[in-house]
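Residue numbers (the working numbering), protein chains in the order written: chain A, 1 to 490; chain B, 1 to 306.
Because the hints were derived from the structure by calculation, they are not lab data. Backbone N, C-alpha and C fix where the C-beta goes; we use that ideal spot for every residue, glycine too. Treat the hints with care, since some could be wrong.
[What the hints assert, rightly or not] Covered stretches of chain B (chain A as the covering partner; in silico rule of three or more C-beta atoms under 8 Å from a C-beta of chain A):
| # | segment |
| --- | --- |
| 1 | 80-88 |
| 2 | 99-112 |
| 3 | 156-164 |
| 4 | 210-218 |
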Amino acid sequence: MSPGLSLADARARLPFLVAVEAEPAEEARLLERLCDWCSRFTPLAALDGADGLILDISGVAHLFEGEAALVEDCLKRLAAQGIAAVAGVAGNPRAAWALARFSRQKIAPEILSDKAFAKLFHDLPLAALGLDDKTVADMARAGLRLIGDIALRPRAPITARFGAVPIGRLDALKGLERSSIAPRFMPPDFCAERRFASPIETLEAIEATLRKLADDLVVLLERQAKGARRIELSLYRVDGDVRRIRVGASRPLNEARAIARLFAERLASPHEDAIDAGFGVDLMRLSCLAAEPLAPSQVELDRAHEAERARALADLIDRLSARLGARAVTRRTLVEAHLPEQAEAAAPATLGEARTRGDATLLPHSPSRDGRLSTPYAGEGVRRSRSDEGERGVPARPLRLFVRPEPIEAVAEVPDGPPLRFRWRRVLHDVAAIEGPERIAAPWWRRPDAPTRDYFRAEDSQGRRFWLYREGLWGRETLRAKWFVHGVFG
Amino acid sequence: MSPSGSAEGMARLRRAVAGIEAGAGLSERAPRRLKLARALDSALGGGLADDALHEIAPAEPADEAAAMGFALALAARFLSQRPSAGLVIGEGFAAHETGALYGPGLIAHGLTLSRLVFVEAPDADAAFWAMEEALKSGGPAAVIGEIWNLRGYSLAASRRLLLAARKGRTPALLVLASAYGQAERMSSAAETRFEIAALPSARIPAAAGRDLPGPFACGARLVKARLTVFVDAVDSPSKDGRPSGRPMDRVRAQRARLHDAAHAVRLEWRSENLAFHEDLAFDDPPISLSLAAASGDGPRPASQPR
Numbered sequence: 001m002s003p004g005l006s007l008a009d010a011r012a013r014l015p016f017l018v019a020v021e022a023e024p025a026e027e028a029r030l031l032e033r034l035c036d037w038c039s040r041f042t043p044l045a046a047l048d049g050a051d052g053l054i055l056d057i058s059g060v061a062h063l064f065e066g067e068a069a070l071v072e073d074c075l076k077r078l079a080a081q082g083i084a085a086v087a088g089v090a091g092n093p094r095a096a097w098a099l100a101r102f103s104r105q106k107i108a109p110e111i112l113s114d115k116a117f118a119k120l121f122h123d124l125p126l127a128a129l130g131l132d133d134k135t136v137a138d139m140a141r142a143g144l145r146l147i148g149d150i151a152l153r154p155r156a157p158i159t160a161r162f163g164a165v166p167i168g169r170l171d172a173l174k175g176l177e178r179s180s181i182a183p184r185f186m187p188p189d190f191c192a193e194r195r196f197a198s199p200i201e202t203l204e205a206i207e208a209t210l211r212k213l214a215d216d217l218v219v220l221l222e223r224q225a226k227g228a229r230r231i232e233l234s235l236y237r238v239d240g241d242v243r244r245i246r247v248g249a250s251r252p253l254n255e256a257r258a259i260a261r262l263f264a265e266r267l268a269s270p271h272e273d274a275i276d277a278g279f280g281v282d283l284m285r286l287s288c289l290a291a292e293p294l295a296p297s298q299v300e301l302d303r304a305h306e307a308e309r310a311r312a313l314a315d316l317i318d319r320l321s322a323r324l325g326a327r328a329v330t331r332r333t334l335v336e337a338h339l340p341e342q343a344e345a346a347a348p349a350t351l352g353e354a355r356t357r358g359d360a361t362l363l364p365h366s367p368s369r370d371g372r373l374s375t376p377y378a379g380e381g382v383r384r385s386r387s388d389e390g391e392r393g394v395p396a397r398p399l400r401l402f403v404r405p406e407p408i409e410a411v412a413e414v415p416d417g418p419p420l421r422f423r424w425r426r427v428l429h430d431v432a433a434i435e436g437p438e439r440i441a442a443p444w445w446r447r448p449d450a451p452t453r454d455y456f457r458a459e460d461s462q463g464r465r466f467w468l469y470r471e472g473l474w475g476r477e478t479l480r481a482k483w484f485v486h487g488v489f490g
Numbered sequence: 001m002s003p004s005g006s007a008e009g010m011a012r013l014r015r016a017v018a019g020i021e022a023g024a025g026l027s028e029r030a031p032r033r034l035k036l037a038r039a040l041d042s043a044l045g046g047g048l049a050d051d052a053l054h055e056i057a058p059a060e061p062a063d064e065a066a067a068m069g070f071a072l073a074l075a076a077r078f079l080s081q082r083p084s085a086g087l088v089i090g091e092g093f094a095a096h097e098t099g100a101l102y103g104p105g106l107i108a109h110g111l112t113l114s115r116l117v118f119v120e121a122p123d124a125d126a127a128f129w130a131m132e133e134a135l136k137s138g139g140p141a142a143v144i145g146e147i148w149n150l151r152g153y154s155l156a157a158s159r160r161l162l163l164a165a166r167k168g169r170t171p172a173l174l175v176l177a178s179a180y181g182q183a184e185r186m187s188s189a190a191e192t193r194f195e196i197a198a199l200p201s202a203r204i205p206a207a208a209g210r211d212l213p214g215p216f217a218c219g220a221r222l223v224k225a226r227l228t229v230f231v232d233a234v235d236s237p238s239k240d241g242r243p244s245g246r247p248m249d250r251v252r253a254q255r256a257r258l259h260d261a262a263h264a265v266r267l268e269w270r271s272e273n274l275a276f277h278e279d280l281a282f283d284d285p286p287i288s289l290s291l292a293a294a295s296g297d298g299p300r301p302a303s304q305p306r
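In isolation and in its complexed conformation, chain B is listed as follows (with noise of 0.2 Å):
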């Protein structure tokens, strides 16, 4: 077959899973993102989308509450932008083995308890199927699975997810607490995958004595995120006269960025007003880029098949 030929055989694929998952009831909706910090929006293509699964890992075991925090964090500014109550589900032995989740705890952080409802299944295989369910209802403004078993957990399960999260224009966020050090081998239907990594804090200088912890921080690693926003904008030149080359290319040369193993975004929690603080200095300044998601007069990301 001749590369052409190959191509609209490629093309024509493409356009028989649309029409089939259109079928399925899933929107053609862009999705809202949700900024983070700038040194990650520019390869999430924006933000991480709030109809998509997004799966967190830890880097070393004993990064869990990291993960933890990270995912809590993203679910706070998740909750900020619907009145809706955000769903935690959890495997029930977790909470002996490494903690319940504490209320004050949660509130401290920047979550609301009022709008949190708790959900603690007996396995990993309930919590994915209440998961699912949670993601359909399209009810939930967010929706946080905290999974250690992940022996059920396969490109068909998390594949679903990510269409139940489709269907209901939720967003699910995927702590896999047992998957320590293998996120760049796992195989997902995720839209995007982080592996965080606690780190010291800001230290605040005490009068005497030792200095006090600052407010939370991780160094967050993008390992995985499907970007398929800026294909139209490809071929559009870009309009505030920089010299760059094409979005597209500007996109990828980011991301291959972050996908380098030493590459990590300090990332500072304030739950005071839900941010992200990122601290430049940890790391070489990320590119700035002026994407086509920015710029007013472009081509609107939100018209763009996915």
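So here's chain A without its partners, still in its complex pose (with noise of 0.2 Å):
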């Protein structure tokens, strides 16, 4: 059996093969969960091609009491899992991915004579550079067909033959070019982790250990003068399933009740699923992505208060955030748009007025300089009010917008006149003061064909007030007036 066999031949061969159709998404997907599974190992873990990966351990192994302890370990949980896998370590990516896949000797020493290195590495087949087959033919039909071949030739004809490759990949492999891995998750600034002997299960005993993370975070965040901006937490299970739960602050947090705070009000949050914690957790780790300086304390006596409260207010903002979804929490702005229901946008209060990283999986909206949140593009012909203070000026708005203006029957004394009653959700209002109209008109340069609008503030007899429009110019856009309620005034 050889790669490249018909499934006629194979089965030819073996009758009892059992064929199953290749999924090389579902495999991409496996491969990357197993991928983010060993960030339990080093923070610093790659995707390998289409079946392989790459860890960078260094200086991480003693953790596990060595190299081969560590190996060891890994394929003993993926075996778990029930993957079989093989490993190999050495002192750079191109070297380990030699061993694990074509030597006996998985597990370079630490320090490689030129010696050792030959013995190690001149019997492997020149596939074990990583060269294409094509590469590999050429070479064997000129009688190179193991590492040593090369390894002991002049370089220069191998160059000139079969280009640079060959060479250039040796190299690598003595460790003389320097490479690199690009991981999948950047490490993180700040970290502390627990692993568990047995794996924990309940929910008070996650609690308590995130406790006991968040007071080792911020011993390390204090050694810098950081606080956290974003913080998140990864749950590794026995099963090899990783949970990880992200929380933004809006200021600069370095108190661990403060951070421990956010990560129960997630977990107890009805809309997360519920942390299952199915065969037990055997490793937590509480990173901190984003940290940043922290404000100068405040020394003013009179202005502490306030700070006090400014404080509470960014941290129950928060804690909010965290239960109840980022996008539930908001602050608004006005946006400079002719169509009311554009006027204004919404951006999670978290961001606050603080300084905030552009976090692009967060929102679409990036902040300004002065700390406002600007839309890139809000909507048509959208410009953002210079400033929140020149709001005094604005027209009588409604309090309360519908999200979709309610048709209402209207009856005017002329069909271009103000009402003078109508019927809105079932009840008839007499109009008793009015005033209008106000002319508003969608953009012409993205939608032309839609019908201007005329505002009328409306009160009927009982002092309720309506906000009502009508579509579309009459006699010139359309004949038969349609009129709305498109909110209602305190």
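Join these two chains into a complex; the hints should help.
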């Protein structure tokens, strides 16, 4: 049996062959999940082709009592998940790759003399350099089969005949060339973790550990006088599942209690599918993905109280956002748009008025320099209002606006005049006072055929006030004007 | 048990409750009182306490917008006293049913948009939870809740909100959006309850055609006001030489009047100076009182136990 064999031939050779359709997408997803899982060993884990993972274990092996033990632990845990794997350890990614796939000895000694290198690699086939099949075949025709065959020969003729790749790969194997991996996750600035000899299963235990991790993280943050803006909690389950929970803070946090509380809200949140500890969690890690210098503490005594309130408000916003979702807790800003429904924009309040890093995963809005949120493109003809305090001059607008304007039956004296009475939600309202029209047109450059609206502020005989509009200019755009109620005033 | 014995027992119980509440971290600080309008302030003991729960109910279903307008006007006044932001908490579905609060409209109503945080809770329970958390934290300058589903709103729930408001010294304005016509029947721990009805505004005469609508106006009826502020003032003689009786009696008299169903105070909201304008001609003029709170030499209500 070898790759490239047709199914019929394979069946002929092995009658009881079980054939399964290849699912590259599923396999890729499995590999990604494994890669995430591997971040339990090191934060620097990368995908390698369609069937491999590369972990940078520099400086972490001692945590697992050496490289050999680390490999053994890793393979044992993978086997427990039903995954057969081979592993190699070497001083650079290329060498580890070669050892894992082609060598009998999987772990290279830490210090590799030329002699040891020759012993380890010279007997491996040229495919161990990661060359493509055609190059390997070409070289085989020239009598070059093993790495030793090219390592012991002059470099120039080989480069002249087969290109720079084989020799370059050889240098990489020796560690003469810098090679790097592209990890799936960037290592966090700060992180704290706890491993458990026997997995923990209860939410209480998870929360208790969370508090300890928060303590550890705060110690790390304090050394650099920083506070955490984005924090991630990773729960590694025994069965290989990795659960990541991220929270954002609207001010740099450096209090363990505040951090633990944010996650506690999230864990208790009814929207979050409850933490399913399953067979248990054997590793918890709390990472600070984004840290910022702490604001210098407020010294003026008279302002201290207000600073306290502001801090309490920021913490409150974080907790509400963690529990209800960042989109449920918003601040709003005015947008200069003609259409009333586009005149305001909402943005998650966790961004607050504090400086924020652009976090594309969180929102489409990006914060501008003065701390206010600006929408890069919030609609047609939209310009952000310069300041929020120029607000006073705004025309009368209703307290509530309907998401969809509701059609009404209105009676007017003349087709293009204000209504005398109208029926909305089955109640007849006599218009006692009215102001209008205020003519608002949709942006013609975007929607040239959108009808113009004439808005009226109408008060009925009982003092209830409505914002009505007639759609379409009578005689020019339409002959049967349609009436809507778009909002109600307080 | 003799009457004096029962009074003693009552006093003991009060002390015990005060002890429990002090242990719960409740402050002994007297609340700052926010003035609303003369006709209401006297019945409120000087104004709306800034550390209590105030309920606002519409008189009829269609008055809900007016009730919200009144609550937001109160919020604007509370926000003008503190630099912090206000929190507006509502149920998510309400935006589709009744229209969502509209930023330009809020500005026109006298609020500053950058100082409001909007919280959309998935249901009433979450909204009450958010209100309680917000009040306890002491961060916001005011917490406005608008709740439609009042099934979960009980004496206990309102008591929790009241205690949270005391703890965080934050005023809570709860709009009982679906409790129209029930303002007098409800029982809750709230300090005050208003019933709000829309009233025709003061029209502005137009040159031609019909009049223009004036500023927001509503009829506010104080259905409930817990008042314990004047207890110690009862025996002090009035200093300004007025022949009237003891302040407590007068306050009682005033409240009795305001509890009268026919007696609503007409308030007109002036968003440009964040003040209510009372229309004295709307009803017979309210009794003008010089209360202990107002007189400089009287016992300060701030020192009274609450």
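Structure-based check of all given hints:
1. 80-88: Holds: 5 residues of the segment 80-88 of chain B have a Cβ under 8 Å from chain A.
2. 99-112: The restraint on the segment 99-112 of chain B holds, since 12 of its residues have a Cβ under 8 Å from chain A and three suffice.
3. 156-164: With 0 residues close enough to chain A, the hint is violated.
4. 210-218: holds (count 8)
When held up to the earlier numbered hints, the structure conflicts with hint 3 and nothing else.
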